[in-house]
Amino acid sequence: MKAVVGLAGAGLIALGFAGFVGTGVVLPGSTRAQVAAVPTDSAGQKPVRDLVSYRDVVKKVLPAVVSIESRGKPLANKMMRRGGGIAPAPFFDDPRLPDEMRRQLERMMPDLQPGAPGRGGRDKQENEEQIPGEGGPSVMGSGSGVIVDAKGLVLTNAHVVEGASEVMVVLEDGRRVVSKDIKADTKTDLAIVRLDVAKGPYPYVSLGNSDQMEIGDRVLAVGAPFGMAGTVTHGIISAKNRGIDVNMYEDFLQTDAAINPGNSGGPLVNVDGQVIGINSAIRSRSGGFQGIGLAIPSNLASSVKEQLVKNGTVRRGYMGVAIQTVKDPDLAAKLGLKDNAGALVTSVMPNAPAAKAGLQAGDVILSVGGSTVRDSKTLQWAIAHSSPGAEVPMAVVRDGKNLTLAIKVEEQPANYGVVRGGQPSEEEEPAPQEAKPSPLGFTVTELSATNAKRFGFSQGTPGVLVSKVLPNSPAAVAGVRPGLLLTHIERKPVADTDSFDKVVASLA
Numbered sequence: 002m003k004a005v006v007g008l009a010g011a012g013l014i015a016l017g018f019a020g021f022v023g024t025g026v027v028l029p030g031s032t033r034a035q036v037a038a039v040p041t042d043s044a045g046q047k048p049v050r051d052l053v054s055y056r057d058v059v060k061k062v063l064p065a066v067v068s069i070e071s072r073g074k075p076l077a078n079k080m081m082r083r084g085g086g087i088a089p090a091p092f093f094d095d096p097r098l099p100d101e102m103r104r105q106l107e108r109m110m111p112d113l114q115p116g117a118p119g120r121g122g123r124d125k126q127e128n129e130e131q132i133p134g135e136g137g138p139s140v141m142g143s144g145s146g147v148i149v150d151a152k153g154l155v156l157t158n159a160h161v162v163e164g165a166s167e168v169m170v171v172l173e174d175g176r177r178v179v180s181k182d183i184k185a186d187t188k189t190d191l192a193i194v195r196l197d198v199a200k201g202p203y204p205y206v207s208l209g210n211s212d213q214m215e216i217g218d219r220v221l222a223v224g225a226p227f228g229m230a231g232t233v234t235h236g237i238i239s240a241k242n243r244g245i246d247v248n249m250y251e252d253f254l255q256t257d258a259a260i261n262p263g264n265s266g267g268p269l270v271n272v273d274g275q276v277i278g279i280n281s282a283i284r285s286r287s288g289g290f291q292g293i294g295l296a297i298p299s300n301l302a303s304s305v306k307e308q309l310v311k312n313g314t315v316r317r318g319y320m321g322v323a324i325q326t327v328k329d330p331d332l333a334a335k336l337g338l339k340d341n342a343g344a345l346v347t348s349v350m351p352n353a354p355a356a357k358a359g360l361q362a363g364d365v366i367l368s369v370g371g372s373t374v375r376d377s378k379t380l381q382w383a384i385a386h387s388s389p390g391a392e393v394p395m396a397v398v399r400d401g402k403n404l405t406l407a408i409k410v411e412e413q414p415a416n417y418g419v420v421r422g423g424q425p426s427e428e429e430e431p432a433p434q435e436a437k438p439s440p441l442g443f444t445v446t447e448l449s450a451t452n453a454k455r456f457g458f459s460q461g462t463p464g465v466l467v468s469k470v471l472p473n474s475p476a477a478v479a480g481v482r483p484g485l486l487l488t489h490i491e492r493k494p495v496a497d498t499d500s501f502d503k504v505v506a507s508l509a
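Just so you know, the sequence shown maps onto residues 2 to 509 in the numbering used here.
Everything labelled a hint here was simulated from the structure, so no lab data went into it. Keep in mind it's a predicted model, so treat the numbers as computed, not measured. Heads up, the beta-carbon is just placed ideally off N, CA and C, and yes, glycines get one too. Please note that a few of the clues may not be correct.
[Said to hold, decoys possible] Label-pair ranges, simulated between beta-carbon atoms:
{"id": "1", "residue 1": "Leu404", "residue 2": "Val198", "range": "53 to 63 angstroms"}
{"id": "2", "residue 1": "Asp57", "residue 2": "Val198", "range": "47 to 57 angstroms"}
{"id": "3", "residue 1": "Arg177", "residue 2": "Glu215", "range": "19 to 29 angstroms"}
{"id": "4", "residue 1": "Val310", "residue 2": "Gly401", "range": "44 to 54 angstroms"}
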C-alpha cells in the first residue's frame, strides 16, 4: 500500500512524555493524634493518600530506566531530526535549532557546548568506559530507554540510536554497558538494544495493555531530559489515536506531561508501574515543552519488539496503491458514497498486488478483511498487519457500484516509505517541470527519478506528483496532500504535467 506520509514540520520534536498531578489532603493536627478512616477516591478503589505520592510506582520503575548514548561515525548533514536526543556541539551549531531552545540548552548544559572540556561536569576518563579503538566512535546523541526483561532487552526510539554503530547504556545503579546489538524499525520509530547477559541480571518492568488506557488516566514519564537521568514527571492521557505524520505507522497516546530533549525512548507508565507507552515526540513552536507530549502505545511497541527479536526486522503486508481519505461530502456524493468515509485510490502501482486484483484509480475501499475502512490510515494499518501471502477480501465502490475484490498481499519492500516527502535525497537532480496551480488548489510536478525513489514509486510510472496544496482549498478539504501520485482525473488518464493541464482545462 502506498500511503505517502510526509515528515513533520518544525513544530514537531521527538522527545518524551510525562504523567500526572495528585492533590494533597491536609488533616488538622492535634496534641493527640487521632487516626480516622482514610477517604477514598471517587471510584472507591484507592485511598487518597495513595494518590498524593507515587513513590511506590517510581521505586518499581526507576531501576529499569536507562540513559542511552549513541556512538558512531558522524552522518553527513545529520541533525537529531526530532530532538529526541541531545547531541554534542553539532546540535548547538545547527542553524535550524530554534534560538530559544539553544539558549535553554546552553544554560542547562554548558558542558555540551562547542569547546567544552567535558559533559555534565564529569571527567570522561574517570567516569566513562573507554571504547576500544583509536579514540573510539564519536558521540552522536543521547536519549532514554527501558529494560523490559531480565536478560537486558532495552526498548527505545529508533531515532535515539539512528546511525549508531554502538551504544553506551547507563543503568540507574551506575552500571555502564556497551552494546552493538541494535535493531530498529524506522517506520514506527522503535528500536531494541540487547545488553550483555553476562553482566545481568537486569532490573526490568513489564509492558502493560495500552488499549485499556482512557483519556483522563494518570501516567508517569521517566527519562533523562537534558541529560538529567532518573527524572520523573506526571500528567494524564490527554487524547488517543493521534496521527501527526512523523512516522509511517503511528497511533500516539497524547499527554500533558512535561517533555524535553533527552526523554525520547523512555517509558510512560500507568499507576501500576506498567509501561503503556514509549515517549517519542512533542508539539512545540519554541523547541521546549508546551503541553503536548506523544508516546507510542505499548501494544504497538510489543508487536514490533517481538518481530525485531525474532527476525531482526518487521514484516508487513503491501498491496501497492496511493490513497487518500474521503473527507469532503461533495466528493463522497460524486463517488457514489452514502457518507464521507473510506479510502480513495488515487493510483495503482504496475504489477503490484492491487493491480493484479483489478483495483483501479478512483475506486473507494470501504472494508478490508471484513473490517470497516474509515480513512486511509485504517486501510494502511489493516494491510500492514496482514501476513504476506494472505488473500484479503475488499469491499469497493466503483462508479457508484459495489464490488468485492480479493487481493493477495505481498511482503512490503524493504525500502518502502523509508525516504518520505520533504526529506532531501542524497543525490540531487535538475528540478522537474512543475505545472501552474490548478483551480482545485494544488500544484503537480513530474515524477522524476529522485521523486520516484523518495516516495517509493517505480521509475517510469505514469502520473504526476502532488507537490503543493493550498490551505483551505478544495483539494485540501478533500484530503489531497503532497506526495500523492495522480494517474486519472474524472477517469481521464494523466501521464505528465501537460496532460494534467489539458484535463484540468477541460473541466473548466
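Practice task
Could you work out which earlier hints the structure fails to respect and list their numbers in ascending sequence?
Solution key: 2 and 3
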